[in-house]
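Protein chains in written order, with UniProt numbering: chain A, 1 to 435; chain L, 1 to 435; chain H, 1 to 435.
Derived by calculation from the structure, the hints in this document are not laboratory data.
There may be inaccurate statements among the hints.
Repeated chains share a single entry, so a pair holds when one copy, or any two copies, can fit it.
Straight-line C-alpha distance at most 35 Å; calculated DSBU-like pairs for lysine-lysine [to be verified]: (1) Lys126 / Lys145; (2) Lys126 / Lys435; (3) Lys236 / Lys403; (4) Lys230 / Lys276; (5) Lys145 / Lys341; (6) Lys126 / Lys403; (7) Lys237 / Lys435; (8) Lys172 / Lys77; (9) Lys53 / Lys403; (10) Lys53 / Lys126; (11) Lys53 / Lys344; (12) Lys435 / Lys127.
In this text, all values refer to a predicted model and were calculated from it rather than measured experimentally.
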Amino acid sequence: MAFYEETESFYSDLFDELFPILRSITGPGLRQSYDILSRYMPLEYDSFPSGTKVFDWTVPQEWHCQEAYLLDPDGVKVADMARLNIEVVNYSEAVDMELSLEDLQAHIYSLPEKPDAIPYVTSYYKKRWGFCMSEKTRQALKPGKYRAVINSQFIDGQLDIAQTVLPGSSDKEVLISSYLCHPSLANNELSGPLVLLGLYHRIKKWSHRRYNYRFILNPETIGSLCVLSKLGTHFKKNLVAGLVINCMGGDPAELVFKHSRNDNGLLDKLLYHLNKHDFKHGNIAFSPLGGSDERQYNSPGFQLPVCCVSRSFHVGYYEYHTSLDTKEYMGIAPLLDSIDKLEKIFLALEQSATFVNTHPYGEPNLGNRGLYPTLSFYREEQTKQLEQLNHIMMLLNYSDGSKDTVEIADLYGCSVVDMQWAIEALESHQLLVMK
Amino acid sequence: MAFYEETESFYSDLFDELFPILRSITGPGLRQSYDILSRYMPLEYDSFPSGTKVFDWTVPQEWHCQEAYLLDPDGVKVADMARLNIEVVNYSEAVDMELSLEDLQAHIYSLPEKPDAIPYVTSYYKKRWGFCMSEKTRQALKPGKYRAVINSQFIDGQLDIAQTVLPGSSDKEVLISSYLCHPSLANNELSGPLVLLGLYHRIKKWSHRRYNYRFILNPETIGSLCVLSKLGTHFKKNLVAGLVINCMGGDPAELVFKHSRNDNGLLDKLLYHLNKHDFKHGNIAFSPLGGSDERQYNSPGFQLPVCCVSRSFHVGYYEYHTSLDTKEYMGIAPLLDSIDKLEKIFLALEQSATFVNTHPYGEPNLGNRGLYPTLSFYREEQTKQLEQLNHIMMLLNYSDGSKDTVEIADLYGCSVVDMQWAIEALESHQLLVMK
Amino acid sequence: MAFYEETESFYSDLFDELFPILRSITGPGLRQSYDILSRYMPLEYDSFPSGTKVFDWTVPQEWHCQEAYLLDPDGVKVADMARLNIEVVNYSEAVDMELSLEDLQAHIYSLPEKPDAIPYVTSYYKKRWGFCMSEKTRQALKPGKYRAVINSQFIDGQLDIAQTVLPGSSDKEVLISSYLCHPSLANNELSGPLVLLGLYHRIKKWSHRRYNYRFILNPETIGSLCVLSKLGTHFKKNLVAGLVINCMGGDPAELVFKHSRNDNGLLDKLLYHLNKHDFKHGNIAFSPLGGSDERQYNSPGFQLPVCCVSRSFHVGYYEYHTSLDTKEYMGIAPLLDSIDKLEKIFLALEQSATFVNTHPYGEPNLGNRGLYPTLSFYREEQTKQLEQLNHIMMLLNYSDGSKDTVEIADLYGCSVVDMQWAIEALESHQLLVMK
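Chain A with its partners taken away, still in its complex shape:
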């Protein structure tokens, strides 16, 4: 592993290295990006050959693209992938032809409502070619003959996903995922993998983990379908919570979580609970409209408890999917803040579990175990100190396998984080075991 540190300069440099790469859902740019990240976390790759059937989909051929530009009648490059790689429609087929401005129009994409922005456009599953430019540039195009050159190939290759696991003491698992397939876009792309890298290092440092933490990077949609084709059954059995991470930069001070479809996962419940105890994140309901890989995890055949977190994605932002989504717009500081906020939530998740009382018939004799006073003599000032004893009594009485610690903390009126001492004391006396 190369040297990692959680500093703005480290993240800024890493961003700068990743930003210019021409990524897509397959191909050399994606693999190059994984390789850069794998210097700092031990990524393993799974490959799905072109043509592989993945549920209702087929893994497409790899797209390789060496150059793409559009020459105006004066020979000026009015669009050029070499300048900014979203200026070519991603997955464009090869072309080398002259054509009039009029004929060219059908191959040009621009946004009249955002005249300075170059849009990001893809056509993965239908053969097309095209160029993206700002509306201003488009309006300035001169009549005459244009030359469109795209030097690209579709090659039988593979689609790659990258992952690593930090093991815990149980079979239960937490998924932390981000996607990596957009070319030079900052907030809606690189912010996710960069925060995921930071979380990996934070969680790796914990002295104990109840849950396995699985970190996955994949191209969007088709990549998460590949993940599910390999791990769907495993997830259905073991996953207690999942989180798709994207758009972790930008202005908003607080994170916003889009909850899972059934809103009944451990993280779903915890997010509401923590809001009662000084956590300020927002919560919005699941919807299959818009969104990202969480739609696949939450499809009706899987219904996994996977949420999606961002700062601004769920409400939309002006720079989205355009050349305006830059490092300056995103910022590096918000990424470090996101790492910090998410770790706090995962630390609370570690205390969130369903336990079973191993001595359910009556109360266990706590006095014998040093967990309860052996003398029935209560002074007023003592009753004020009984907080932890109260946690113990609550946990023992309600841990019948039907209530988790978040629900028990709610019944008592405290945060599940506050119950950590009592949970660990009862676990160490084998009075509670994880269900």
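Let chain A serve as the given structure and place chains L and H on it in line with the hints.
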């Protein structure tokens, strides 16, 4: 089939033909009424011989009654079935005797609180005889000898029910039922069968039906028990909604639905849903007190999702079960309005179903099927056009067999009627199949 | 049986006989107290030998204590069990030693915040010795040599519980329990067994009981664990409601019920229901913190529907567990009032049951059974008299085994007590049978 048209004059003439017939829960008047209606819809009869055990009940003998009158001391007919057939207590036994006014009083029924109204009285299961008259007539009766003549017989015969089915593309069934056993009463009798006839013709015209629509006419209570003895098991398996229709005339502008006992049938849910989308009908909770055949369908052994619709029945009306319940009180126009309103609700019911997504693992590739843009390029004005695409995404994600289209429409915030295009598109691509 | 009467003088005399006895969780004082009560109700004893394993606990040796006193340097008895038996720490081991005031302090218990009160202290499961005195007495202790004398023995013997059952017509059972182990304390001890005795006599007089009523007296905590070790399986099968009774005296006018853990027992539901119909008792949620034997009955392995009733216990009172908890503080009149209030609630509980309609397919023919008019002629004044008929229709329709009479009364809007006539009429016609 004879010529049918949905006009006031057609319905007025048909009403006039049916009104004067002496109906009861058995006997020639009931069969004659069925025969008249069967000119306009293909009714099939089921017969239950007198003495047949039907659950806790026994089919009574047929009641035939040729004449019934009461002569006062001057030989004036102060009650006469020939004038108005509710002037004899329905199911009266034969009598031909002279008796004093004093002795006669126990055989006379009148309503002091409605002095001009002749009440409608029956005694199906206990032998009695009697006459009904207005309180005004009763108060004017002179002392002296009266002669009571009822020429009636109880005959081993049968009880008849009449039905027809408009088939649909699934096994699931909708019941539309009304009762036909009261003699000359308008709103609380003939309005129901007449509206049922109109609905039959409306639904028959639909190009496609998901559900079978079963139309049943029967004498009240004992008739619906006979229906259940024959079809109860079938209904428990297939019935998704049922509706007992009566009192479709009178003043109130809007229909009122008494919901089913468990209030969890498809129609129950739809009725609330439609109220959020410009439908103005009222809803009241089920009760086993009062009411009609829905009480039998909703008995604890069946608990069928059968509602009951009327304009005024559920709140009560002054003319109920008296000679004041006339064609003038009822009106013909409200019947045609009822047909129209009920058809709209049944059209919505056709879109209300539980579907299963046949490609539940991840999202199906909609682009391949022409249901989704193959180019990822969204302009603001386009996102406004995505309504149908949104319906598709909602239907696919939530159709896991646990949610019906009404619930999915509620989640999206539209009417289930608005989702018709998307439902049919997904069905035609075999992406959704009815559960 | 000796002569019993529900009068203040009878209860006052019985209290006076029981109060001075040195009780503990085992030993001769407990047995003597049972024997006194068994003059007035037929108690049977179950004995658990010292050393018996009871779930996670072990029955302790019997504690016998003949004398216990503390002599000050002048030979004055500053603490003396013979004066008030809470002046010795309950379950103190034997001691006979001289020691300085300084060394003595660790063996003295007093309450600075209640300077006149002698606290009640126990140490059942850890060997200790000590004396209890008021803070005022403690502050006046002179320096010098003290002599501590406790003449006590731990003897292999047994722990005893006492019970009797009033049989009902079904297998279902109601538990009424109180504890008897504190020495001279009034409200938080003797009030419970005395009210239990009164309830026994009230319920014995009923002409009919649907439920078995089991009355149990036991030492607190370890005693209820012994009860559960013997009857836990029986209770899980048959118990529909339970009530731990204590602190039935003191100021508060109304009883307060702490509900069972799952708050879904028959008594839980009834208590809320009765509050809608002129009953004024209070209701508080279950908690495993504080409380008495209901904690054992509501432990996760049993989760029995056992509530706990008191006047003041659940909110706490100044005199609790001190020498201030006297007959004068408690009062005798509140005990008789408690008997009266609790009997009314148990009478309502007798009407609270889940029945099954034996004729669930359609409505049974009530006319044949004299339960419904055979003539369909309703006058306005009659419809006002139909209350009982309405109860009958409600009970028949909703008695499908999933709803009890309390829920059905709620649906109709009356008290379950009001439905007694209809319930008994339908039972006597075998139209309803208890589930």
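Inset, instruction - Could you figure out if Lys230 and Lys276 sit no more than 35 Å apart (CA to CA) within one copy, between two copies, both or neither? - result: neither (38 Å within a copy, 44 Å between copies)
Legend entry - Status of Lys127 relative to Lys435 across identical chains (alpha carbons, at most 35 Å): neither (51 Å within a copy, 37 Å between copies)
Inset, instruction - Pop the pair Lys53 and Lys126 into one bin, within, between, both or neither, using alpha-carbon distances up to 35 Å. - result: For Lys53 and Lys126, only the intra-copy Cα distance (17 Å) is at most 35 Å; the inter-copy one is 70 Å.
Inset, instruction - Using 35 Å as the alpha carbon limit, work out where Lys126 and Lys403 are close: within a copy, between copies, both or neither. - result: Only across copies: Lys126 and Lys403 sit 34 Å apart there, 50 Å inside one copy, limit 35 Å.
Inset, instruction - First find the shortest C-alpha distance between Lys53 and Lys403 inside one copy, then the shortest across copies, and answer within, between, both or neither for a cut-off of 35 Å. - result: between (41 Å within a copy, 29 Å between copies)
Inset, instruction - Please work out whether the CA atoms of Lys53 and Lys344 approach to 35 Å or closer within one copy, between two copies, in both situations, or in neither? - result: neither (39 Å within a copy, 45 Å between copies)
Inset, instruction - Using 35 Å as the alpha carbon limit, work out where Lys236 and Lys403 are close: within a copy, between copies, both or neither. - result: The answer is both: 20 Å in one copy and 20 Å across copies each meet 35 Å.
Inset, instruction - Check Lys237 against Lys435 for me: Cα-Cα at most 35 Å, and say if that holds within a copy, between copies, both or neither. - result: both (13 Å within a copy, 26 Å between copies)
Legend entry - Intra- versus inter-subunit Cα pairing at 35 Å for Lys172 with Lys77: Cα proximity of Lys172 and Lys77: none, with 54 Å in one copy and 65 Å across.
Legend entry - Intra- versus inter-subunit Cα pairing at 35 Å for Lys145 with Lys341: neither (55 Å within a copy, 64 Å between copies)
Legend entry - Homo-oligomer pair classification [Lys435, Lys126; C-alpha up to 35 Å]: Between copies only: 33 Å across chains, 48 Å inside a chain, cut-off 35 Å.
Legend entry - Same-copy or cross-copy closeness of Lys126 to Lys145 [CA-CA at most 35 Å]: within (27 Å within a copy, 100 Å between copies)
Checked against the numbered hints above, the structure breaks hints 4, 5, 8, 11 and 12 and satisfies the rest.
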